[in-house]
Amino acid sequence: MNLSELKTLLNCPFCSQQTSGKEVKSICASDLMSEVLLLADRDSVIITNLVNLQAIRTAEMVESVCIIFVRGKSPTKDMVALAEKNGITLLVTEYDMFETCGILYGKGLKHKKVAHDNH
Amino acid sequence: MTTIELDFDIKHNDFDRAGSASSALKNTLKQIGYPPDIIKRIVVSSYEAEMNVVVHASDGHLRAVITPDEVHVIVKDNGPGIENVEMAMKEGYSTAPERIRELGFGAGMGLPNIKKNTDELKVNSTVPEGTTVDFIVRRKNG
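These protein sequences, in sequence, are chains H and U.
Number 119 in my numbering belongs to position 119 of the first sequence; there are no gaps in the numbering.
Number 138 in my numbering belongs to position 138 of the second sequence; there are no gaps in the numbering.
Okay, chain U solo, but in the shape it has when bound (with noise of 0.2 Å):
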């Protein structure tokens, strides 16, 4: 299996199209045979991601890099970054309004549970320019 790099627009807001990224990315990912305990790992971050960006940020951008032995996820938006980084990655931390929470988000567990489904989390967020996460899935095999 060759390298497959896959790119998506996020747009803020449009509950229609949010987790239609993750949902290609699923799709890639099954279609190439990746483990189904791998695949949600890694669905589930990005579908976390992407609904972040969905929810807080102005538009955004998914790339998916995958190869035969990782899956490497950023998600990157513009604005307008978290101001406390630390404090967002703690579970129940959130600044999302009363409406997102009725979407059934916005409870606080986005980055914690992005942490808790990868092998690696990088979140980098400046105020006002934006938040990049970003996290690889190691494909484990036997």
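Just chain H, same shape as in the assembly (with noise of 0.2 Å):
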């Protein structure tokens, strides 16, 4: 799955920069900073409730190539500054966590932690 598919699939009213074609390799939901660099693999998408500055420096650490923000909270200009300057896309979902995981796992993005024990 790509960039647009999951902007599409997730109904995004708000994206902070043109999405691409860049694949989505993985995904990792969390509020938690810490957990997320622990679990988060490169061109991963973070899904969190977390809108804050600290969000976006963790997807850059971790190489995420988004973060889906859900219950349609707005990430701030700083945040899509910061965003941008690291190529990560940001995106707005009206659903919420338990929906968003549940809309992605059943198109088949999991985990690579899950997807390596089904192995």
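Bear in mind the hints are in silico, worked out from the structure with no lab data behind them.
Any given hint could turn out to be false.
Once the Cα atoms are required to be at most 25 Å apart in a straight line, the calculated PhoX-like pairs of lysine-lysine come out as [to be verified]: (1) H:K77 with H:K7; (2) H:K107 with H:K7; (3) U:K140 with U:K122; (4) U:K76 with U:K116; (5) H:K110 with H:K73; (6) U:K76 with U:K90; (7) U:K30 with H:K22; (8) U:K115 with U:K11; (9) U:K140 with H:K110; (10) H:K73 with H:K107; (11) H:K22 with H:K7; (12) U:K115 with U:K30; (13) U:K115 with H:K85; (14) U:K116 with H:K25; (15) U:K116 with U:K30; (16) H:K25 with U:K122; (17) H:K77 with U:K11; (18) U:K115 with U:K90; (19) H:K85 with H:K25; (20) U:K11 with H:K85; (21) U:K140 with U:K116.
Need the complex rebuilt from these two chains, each delivered in its own frame; the hints are there to steer you.
Pasting the structure below:
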């Protein structure tokens, strides 16, 4: 799945930059940034309720391609600027965390470790 | 490649700039061609250590010494120090106040995360003088 498909699937009313055909390889859903630092892979998508600069910094450290903010929470201008500097797309969806994860899981996107355990 | 030394000041409670030292370290490592998986281990560790200073300590300092074979990071703060380092190394143990947890940190994963991502880790702390987190991540070729 690529970012454009993700945006459509989640009916995102906000997108910080033109979504590209960048491929999404895995998902990490958490409000704890230390957990994201531990679990997220490169080229992953982070799903979170946490709307602050640390969410962007965390995505930068693990080289995530996108952050999805759930329940319609919009990022600030500072967050958008830092994300754009690092090539990270920010999406906002009205779905909550559970629904967002369920929709993406249903489309076959999983966290790498889950996929690995199934092998 | 010669040795590269980077130095950054870290300000307590400065959440706008928190992570900027690790960001600069990451950019340097990318520029000199360190492997992405090694960069990730280094910057995840330095970011956790940086956040520890922003969240818990008074001001501090991050020093990174980059050689072709390894990256050595020393993060030193001016207190108040960790009462029980052994407990702080355990996942889930935290003394962070609620306002820090609301920022997505303070879940008791900082030092354990650093341990998981580094080849060597030393944590020295004296109350109330301060804490030094000193770690090495080696570049393993091939």
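Verification of the hints:
no. : hint               : verdict
1   : H:K77 with H:K7    : 20 Å, holds
2   : H:K107 with H:K7   : 13 Å, holds
3   : U:K140 with U:K122 : 21 Å, holds
4   : U:K76 with U:K116  : 20 Å, holds
5   : H:K110 with H:K73  : 23 Å, holds
6   : U:K76 with U:K90   : 20 Å, holds
7   : U:K30 with H:K22   : 20 Å, holds
8   : U:K115 with U:K11  : 24 Å, holds
9   : U:K140 with H:K110 : 29 Å, violated
10  : H:K73 with H:K107  : 23 Å, holds
11  : H:K22 with H:K7    : 12 Å, holds
12  : U:K115 with U:K30  : 23 Å, holds
13  : U:K115 with H:K85  : 30 Å, violated
14  : U:K116 with H:K25  : 23 Å, holds
15  : U:K116 with U:K30  : 22 Å, holds
16  : H:K25 with U:K122  : 35 Å, violated
17  : H:K77 with U:K11   : 23 Å, holds
18  : U:K115 with U:K90  : 10 Å, holds
19  : H:K85 with H:K25   : 21 Å, holds
20  : U:K11 with H:K85   : 23 Å, holds
21  : U:K140 with U:K116 : 16 Å, holds
Going through the hint list in order, the structure does not satisfy hints 9, 13 and 16.
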